[in-house]
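> If you want the building blocks of each chain, they are given just below.
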Amino acid sequence: MALTDFCSIFASVHENAINTVIKAVATQRPSLFNYGTPFFVQHPNLLCEKIVVHPKLPPSQPRVGAQPLLPVPGTNGLFGLEFCMQVTKLAIDFHKGDIKLPPELGTLQPQRFALAGRVCAAIACPPRGWLAEVGDAIAGTVRPIDPFAALRDEERDNQAVFRPPSDTPKPMFPVPVDREHIHCFCLDLFATGRIRIVDNGFGPRLALELEGVEIVDIKPSGLEDSIECLVSATLQLGILPRLRIALDALTFSLGAYATLVISPTPTSANVPFNPDISKDRLSAFIDVAIS
Amino acid sequence: MALRIKQSIINATEFRSDGLGVLASIAWAAETVGRYRGTVRRGDAAVASFELEVDKGGAASQLDIDLNDLAGASLGGARAARRFQVASAEGQPAYVQFFVSDGPGGYQVVIEGAKANFDSRSLGPRDVFTTVLVRPGLYTMEHKPSGAKGEIAVERLEQSEKGYEPKAHQVRVTARGFDPPRLAIRGADGVVFAVEGGGAVRVRLAKPEPDEKQPPRRRLYPEALRIKGRAAGETSSKPVGKRPAKPR
Amino acid sequence: MADLQLAISEAVVRKLFVTARDNFAFSHSDSVDLGPFTVSYSAGVKLKNGDIDFQSNNTVLLKELDIVYDPLSVTFGLDIPRVCVGGFCIIPTPFGCALRAPRVCFFEDDPDVAATINLSGIITTEISGTCGMTLRFVPEAGAGTPDPWTALANGVSNEWRLHLVPGWLDIDLIDVADTVGNLIDQLIDALVDDVLSPLPGWARGIVKAILHGVTSIIRTILDIGDDIGEWLSNLFNVSLDLFSFVVDEVAKYFADKFALFAFPDPYPMLPAETSVLGPPLVPVLINIVQPAITVTDTELVLETSLGA
Numbered sequence: 001m002a003l004t005d006f007c008s009i010f011a012s013v014h015e016n017a018i019n020t021v022i023k024a025v026a027t028q029r030p031s032l033f034n035y036g037t038p039f040f041v042q043h044p045n046l047l048c049e050k051i052v053v054h055p056k057l058p059p060s061q062p063r064v065g066a067q068p069l070l071p072v073p074g075t076n077g078l079f080g081l082e083f084c085m086q087v088t089k090l091a092i093d094f095h096k097g098d099i100k101l102p103p104e105l106g107t108l109q110p111q112r113f114a115l116a117g118r119v120c121a122a123i124a125c126p127p128r129g130w131l132a133e134v135g136d137a138i139a140g141t142v143r144p145i146d147p148f149a150a151l152r153d154e155e156r157d158n159q160a161v162f163r164p165p166s167d168t169p170k171p172m173f174p175v176p177v178d179r180e181h182i183h184c185f186c187l188d189l190f191a192t193g194r195i196r197i198v199d200n201g202f203g204p205r206l207a208l209e210l211e212g213v214e215i216v217d218i219k220p221s222g223l224e225d226s227i228e229c230l231v232s233a234t235l236q237l238g239i240l241p242r243l244r245i246a247l248d249a250l251t252f253s254l255g256a257y258a259t260l261v262i263s264p265t266p267t268s269a270n271v272p273f274n275p276d277i278s279k280d281r282l283s284a285f286i287d288v289a290i291s
Numbered sequence: 001m002a003l004r005i006k007q008s009i010i011n012a013t014e015f016r017s018d019g020l021g022v023l024a025s026i027a028w029a030a031e032t033v034g035r036y037r038g039t040v041r042r043g044d045a046a047v048a049s050f051e052l053e054v055d056k057g058g059a060a061s062q063l064d065i066d067l068n069d070l071a072g073a074s075l076g077g078a079r080a081a082r083r084f085q086v087a088s089a090e091g092q093p094a095y096v097q098f099f100v101s102d103g104p105g106g107y108q109v110v111i112e113g114a115k116a117n118f119d120s121r122s123l124g125p126r127d128v129f130t131t132v133l134v135r136p137g138l139y140t141m142e143h144k145p146s147g148a149k150g151e152i153a154v155e156r157l158e159q160s161e162k163g164y165e166p167k168a169h170q171v172r173v174t175a176r177g178f179d180p181p182r183l184a185i186r187g188a189d190g191v192v193f194a195v196e197g198g199g200a201v202r203v204r205l206a207k208p209e210p211d212e213k214q215p216p217r218r219r220l221y222p223e224a225l226r227i228k229g230r231a232a233g234e235t236s237s238k239p240v241g242k243r244p245a246k247p248r
Numbered sequence: 001m002a003d004l005q006l007a008i009s010e011a012v013v014r015k016l017f018v019t020a021r022d023n024f025a026f027s028h029s030d031s032v033d034l035g036p037f038t039v040s041y042s043a044g045v046k047l048k049n050g051d052i053d054f055q056s057n058n059t060v061l062l063k064e065l066d067i068v069y070d071p072l073s074v075t076f077g078l079d080i081p082r083v084c085v086g087g088f089c090i091i092p093t094p095f096g097c098a099l100r101a102p103r104v105c106f107f108e109d110d111p112d113v114a115a116t117i118n119l120s121g122i123i124t125t126e127i128s129g130t131c132g133m134t135l136r137f138v139p140e141a142g143a144g145t146p147d148p149w150t151a152l153a154n155g156v157s158n159e160w161r162l163h164l165v166p167g168w169l170d171i172d173l174i175d176v177a178d179t180v181g182n183l184i185d186q187l188i189d190a191l192v193d194d195v196l197s198p199l200p201g202w203a204r205g206i207v208k209a210i211l212h213g214v215t216s217i218i219r220t221i222l223d224i225g226d227d228i229g230e231w232l233s234n235l236f237n238v239s240l241d242l243f244s245f246v247v248d249e250v251a252k253y254f255a256d257k258f259a260l261f262a263f264p265d266p267y268p269m270l271p272a273e274t275s276v277l278g279p280p281l282v283p284v285l286i287n288i289v290q291p292a293i294t295v296t297d298t299e300l301v302l303e304t305s306l307g308a
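Residue numbers (our numbering), protein chains in the order written: chain A, 1 to 291; chain B, 1 to 248; chain C, 1 to 308.
Isolated chain A (complex conformation):
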């Protein structure tokens, strides 16, 4: 039986090849996997894990994805903490699956992929005496007012009165970093998902869709769930949208080269899944409109 019995072009990629691509993305687009506030953007060597960059990557390409400061609650946006976050050692595994998934994710189902990796993060704390000093200064700004004024919101120029964020954004002062107090931690990350072919106007592309995310063994469970939520959001909003491989890319751009109109083969009895994930491979069935 021929590979193109039910399609015009058949492309099949082993999970090792996808992992090669992921590694290439990590070294050529490091800012997709390494994030940090301005301090860490300027000092990428202080992130938790060393950033491996392609030796010839142009200097114009960011090494760290710039993030805003983490606001210190209670300071009304006045102060922000420097932090960094990294997703490292990301690897994909297609069904049947070699990665031992945590029990929460169960066994890898047919037509599914598993992701394994590490999430490392750190909040950069200030030097010891700084908080006390600045706390005293802030305390100095707290003054008593008439209770009715507090109720009526008459004293608009009273900066202690809460106002919802609007008008002119206030500058956030970064809490200075004590390099001895960059507290890194790393957590093992697992995820499962499926792959669909979607077209957002730039041609059909392979999109990874997560179904389950698990950070291993953090207590209490609420903390674990919260971190899983943050990681899941980072993956699904920040990283995976920029990891969609064009269907034509699997054909080495044969469609563009030969001005062919390519489209995914519709599923049928002969092509029950498109793409197909099985036997450690991702396979795509592609039709070509030949004029």
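No lab work stands behind these hints, which were simulated from the structure alone.
Zero decoy hints are in this set.
Computed footprint of chain C on chain A, listed as stretches where at least three residues anywhere in the stretch have a Cβ under 8 Å from a Cβ of chain C: (1) 6 to 15; (2) 19 to 29; (3) 58 to 64; (4) 247 to 253.
All values reported here derive from a predicted model rather than from experimental measurement.
Think of the CB as a built atom: it goes at the ideal place given N, C-alpha and C, for glycine as much as any other residue.
With the hints as your guide, set chains B and C onto chain A.
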């Protein structure tokens, strides 16, 4: 590329023994051995001269002299007279034949020797005047000074398997006139005049045959010629890059 | 099994072949002296029709690819025999001709005719043969400098190119239409009429008659026998060597000049992009490692490993 045709041939419509032009010739029977001096004239002007030696028992019994060539050489500044030689064979005279290959014609030839002479303006009994009539139509023939007249009808020369095989039609000019008085010949045949009483013969195109219409320019674009491939297996395979040896 | 396996159906490769075929065009001129006549030609060559058929032994059959010669302008230079009148015997004798009329020739110089015939789009040869498919690495000077992304953006990149490599190619000839003989005759007549057209009709007739039938004389000069097709074939194929030259050019075109398919190495697996999520990012480049192709009777399979 257009061929350069001799317009003198295209335009020739009158052929005179006393003013020789293209498509006509006069042959003098040189019976007496000796040296002669020849003069070529056009009207009153002498345009060339030559020396002629007539021998016996040599190789060339016919000498052809192109008067246009002679006159042209003289015009070109040749000072020395051309020398010709001819020899008679056993039992027959040598012939010196004058003709014109090109040009306006109108030549007369006078040859003087110790024991004989020749003047093309008046033909002797053994002189021969020949004309080749290529253009179809009706020609008149006239003898001066007798005034005898005759006609020659020239038919269009058609292509034939045998190609061009011209005939020579003999005409005698006597006191009674032309014999035969009328001829019908094919185009490019020859008419040979033997004149008994001297004088000159003139042949003139009186009524040309209407010219055939110019054939329409045919397209040099033949219809499609397709050379198709043979069935597979029936091949004279040649590897790419090796060309068959050229036959020449 | 390889990291990446790409199978392309025969129908898709056929489309690639059609694109390659339609892009083919070249022109050539040459001349040869064949003794009594010279021939020169100027030919523009295009390809039409044809098909490819995958075979199970890793080869591709190239079938009935037409080579169209358009424009094809052929100029014959002929030495026509002298056209003269006269030469007949004036005074015949039992011992031979005593006096023969002079020969007077119609043309000022030795007639030399040249005429150009337009055979554009009229002659088509057909080639068939067995080909292989090969994937060739073509390095480009300057690839990777100053860095792979800048080089790629400048269009400077090493490439892998898929070529159809003809092995044995045949030009086969079959029957020529019966009308060809008449066409050649008409052609020759028209040729001579064209050349003689300045002459009055009666003179043309004389010239033609003296030439013993123009058709036969020119056919004799050109050495056209009974088989016009064979004569034309010999003229173009053997004497002018045109067909075989063109076959070589076609073979070189597919084997070297025009790739059915090509892609750069390193290959941009993800294109350069910009988004609301951050600054523009360069393409993600992947090295192609040891690609190989196989041809079955239904598809072409490319297998390769990938390197970061």
